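Asker: Sequence:
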Amino acid sequence: MYAIRGNGVKARGKFITFEGIEGVGKSTQIHLLAENLRDGGYSVLVTREPGGTPLGEKIRAILSDPANGNMSAKTELCLFLAARAQHTRDLILPALLEGTVVLSDRYADASVAYQGDGRGLGPEFVKEQNDWATDGLAPDLTFWLDLPPELGLSRVVKRFADQGVAPDRLDQETLEFYRRVRKGYHELALQTPARIIRVQAEQPVEKVQKEILSAFKQFVRKQETSGVS
Numbered sequence: 005m006y007a008i009r010g011n012g013v014k015a016r017g018k019f020i021t022f023e024g025i026e027g028v029g030k031s032t033q034i035h036l037l038a039e040n041l042r043d044g045g046y047s048v049l050v051t052r053e054p055g056g057t058p059l060g061e062k063i064r065a066i067l068s069d070p071a072n073g074n075m076s077a078k079t080e081l082c083l084f085l086a087a088r089a090q091h092t093r094d095l096i097l098p099a100l101l102e103g104t105v106v107l108s109d110r111y112a113d114a115s116v117a118y119q120g121d122g123r124g125l126g127p128e129f130v131k132e133q134n135d136w137a138t139d140g141l142a143p144d145l146t147f148w149l150d151l152p153p154e155l156g157l158s159r160v161v162k163r164f165a166d167q168g169v170a171p172d173r174l175d176q177e178t179l180e181f182y183r184r185v186r187k188g189y190h191e192l193a194l195q196t197p198a199r200i201i202r203v204q205a206e207q208p209v210e211k212v213q214k215e216i217l218s219a220f221k222q223f224v225r226k227q228e229t230s231g232v233s
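The numbering of the sequence shown is our numbering, which starts it at 5 and goes up by one.
There's no promise every hint is true.
Distance condition first, Cα-Cα at most 20 Å in a straight line; then the derived EDC-like pairs of lysine to aspartate or glutamate [as the list claims (entries may be wrong)]:
1) K226 / E215
2) K214 / D109
3) K78 / D175
4) K162 / D144
5) K221 / E210
6) K78 / E132
7) K131 / D144
8) K62 / D172
9) K131 / D109
10) K221 / E39
11) K131 / E206
12) K187 / E128
13) K214 / D43
14) K211 / D43
15) K78 / E128
16) K214 / E39
17) K62 / D175
18) K211 / D150
19) K187 / E206
20) K162 / D172
21) K187 / E154
22) K221 / D43
23) K78 / E177
24) K187 / E177
25) K187 / E26
26) K214 / D150
27) K62 / D94
28) K162 / E26
29) K162 / E177
30) K211 / E39
31) K226 / D144
32) K162 / E206
33) K62 / D109
34) K221 / D144
35) K187 / D150
Between beta-carbon pairs, the in silico distance windows are [stated by the list, open to error]:
36) L194 / P58: 33 to 41 Å
37) L179 / A71: 17 to 25 Å
38) S47 / M75: 36 to 44 Å
39) R173 / G103: 32 to 40 Å
40) G45 / A71: 39 to 47 Å
Source of the hints: derived by calculation from the structure; they are not laboratory data.
All values derive from a computational prediction rather than experimental measurement.
Ideal Cβ positions, reconstructed from N, Cα and C, are used throughout, including at glycine.
Build out the structure end to end from the sequences listed, making use of the hints.
Answerer: Laid out in structure tokens, this is it:
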């Protein structure tokens, strides 16, 4: 499928994103899908936001640092946008132009849900800023791993306890915050049902992956039927 930038450049690869609150299992599902696609002959790039580039990883460290707990919502959004702009230009677009399948752990939808709804900056405002930062690049397909916030947070608490480390700044939010974020994702899914596929993340890992892989294959078949490469 062609992903169109604002300046008209066509990217030939497939841009697949994974979204959801903390604890939904995005990293696990991305790893499994990447393995399945590589076994099927696809060239695959796995990346994440914030991050993906040296600058993006430095910005991620700032955003994650508990010492920055007093960061304003506007500052947070600006940092995410800066990382996303660099990520899009330096990593995602070049990979797409080479025909690679890009699997990203979060992208622009995350800011709409987290900063737009969670922080209260407004989803429409954040969408406008995303469009500017990404030159209009949008995912071809998005898997929203949905989970009740209570369950997601309990998974996060257990993970950090098992690892013996303290949660970072982004993992220390309230239950009410994650409820707003989940609501934001729900609204996005209603607005773009052809792109965003809701997957119930409380299912067993294998069942979640089976559902994701099936949806990806259906997406590819639709491309082939419509003559899009």
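Asker: Run every hint past the structure and note whether it holds.
Answerer: Tested hints:
no.	hint	verdict
1	K226 / E215	holds (17 Å)
2	K214 / D109	holds (18 Å)
3	K78 / D175	holds (18 Å)
4	K162 / D144	violated (33 Å)
5	K221 / E210	holds (16 Å)
6	K78 / E132	holds (14 Å)
7	K131 / D144	holds (17 Å)
8	K62 / D172	holds (15 Å)
9	K131 / D109	holds (18 Å)
10	K221 / E39	holds (14 Å)
11	K131 / E206	violated (29 Å)
12	K187 / E128	holds (14 Å)
13	K214 / D43	holds (15 Å)
14	K211 / D43	holds (19 Å)
15	K78 / E128	holds (15 Å)
16	K214 / E39	holds (13 Å)
17	K62 / D175	holds (18 Å)
18	K211 / D150	holds (14 Å)
19	K187 / E206	holds (17 Å)
20	K162 / D172	holds (14 Å)
21	K187 / E154	holds (14 Å)
22	K221 / D43	holds (14 Å)
23	K78 / E177	holds (17 Å)
24	K187 / E177	holds (15 Å)
25	K187 / E26	holds (14 Å)
26	K214 / D150	holds (16 Å)
27	K62 / D94	holds (15 Å)
28	K162 / E26	holds (12 Å)
29	K162 / E177	holds (16 Å)
30	K211 / E39	holds (16 Å)
31	K226 / D144	holds (12 Å)
32	K162 / E206	holds (15 Å)
33	K62 / D109	holds (17 Å)
34	K221 / D144	holds (13 Å)
35	K187 / D150	holds (10 Å)
36	L194 / P58: 33 to 41 Å	holds (37 Å)
37	L179 / A71: 17 to 25 Å	holds (23 Å)
38	S47 / M75: 36 to 44 Å	holds (37 Å)
39	R173 / G103: 32 to 40 Å	holds (37 Å)
40	G45 / A71: 39 to 47 Å	holds (46 Å)
Violated hints for the displayed structure, listed by number in ascending order: 4, 11.
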